[in-house]
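Peer 1: Put chain B on the given structure of chain A with help from the hints.
2 protein chains.
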Amino acid sequence: MAKLIVLYKQPQDEAAFMRHYFDVHAPLAKRIPGLRSYEVSEGGVAAPGGASGVFLVAMLEFDSMAALQEGMGSSQGQAAVNDLPNFAGAGVDILMCDTRKL
Amino acid sequence: MAKLIVLYKQPQDEAAFMRHYFDVHAPLAKRIPGLRSYEVSEGGVAAPGGASGVFLVAMLEFDSMAALQEGMGSSQGQAAVNDLPNFAGAGVDILMCDTRKL
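For the record, the sequence lines run as chains A and B. Residue 76 in the UniProt record's numbering is what sits at position 76 of the first sequence, and the numbering runs on without skipping anything. Residue 4 in the UniProt record's numbering is what sits at position 4 of the second sequence, and the numbering runs on without skipping anything.
Pulled out of the complex, with its shape left as it was, chain A reads as follows (with noise of 0.2 angstroms):
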């Protein structure tokens, strides 16, 4: 499998960032292509000293990574990308693996 990390920093507003990814970006998201799984943190973001700086972490898993990279270069991807800028002012870490179990 393959996994698209994404770590979105704290905003400034969280409920119009809330309001905005469940109602607006999660939506365009469930549209990619080859998404096989979608997870996302609730309840907020801990590190083991405390504030993490992170606010909400989305997990989606694909069959590998060709296609992530087929799903996110598709134009339901694309959306979901240029979508980023209208609620992720604050800033957003995306990572992309293959992944295994152990």
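Treat the hints as calculated values from the structure; they're not laboratory data. Careful: at least some of the hints might be erroneous.
[What the hints assert, rightly or not] With a straight-line cut-off of 16 angstroms between C-alpha atoms, the simulated EDC-like cross-links for lysine to aspartate or glutamate are: (1) A:K101 to B:E14; (2) B:K101 to B:E70; (3) B:K101 to A:D93; (4) A:K101 to B:E39; (5) B:K101 to B:D63; (6) B:K101 to A:E42; (7) B:K30 to B:D93; (8) A:K9 to B:D93; (9) A:K101 to B:D93; (10) B:K101 to A:E61.
[Unchecked claim] Footprint (simulated), chain B over chain A, 3 or more residues, beta carbon under 8 angstroms: (11) 12-19; (12) 43-50.
As the structure is a prediction and not an experimental result, all values here were calculated from the model. Glycine included, each C-beta is placed from N, C-alpha and C at the ideal position.
Peer 2: Same frame as chain A, now just chain B:
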């Protein structure tokens, strides 16, 4: 469910990191009570711009944040945490959150 997401920064000596991670650290982590699933990145971690600065991602799943915290607070959890300085000197970010499927 809940996830412990461990982001290891690029080490100076990749081969030494990998040896220690899979020979020593992963066996310690597998013993953490309450661990339901353990997934690692394979073949590098990319970012949309190219290099991500992250060398390896580990995702450990537990039933809940309470179970995660109990597991990490156990002697087995502490043994895994105490092993980090032995191979992750380049830095590591640790995130913990409850998760839900969308």
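Peer 1: What hint numbers does the structure not satisfy?
Peer 2: Violated: hints 1, 2, 3, 7, 9, 11.
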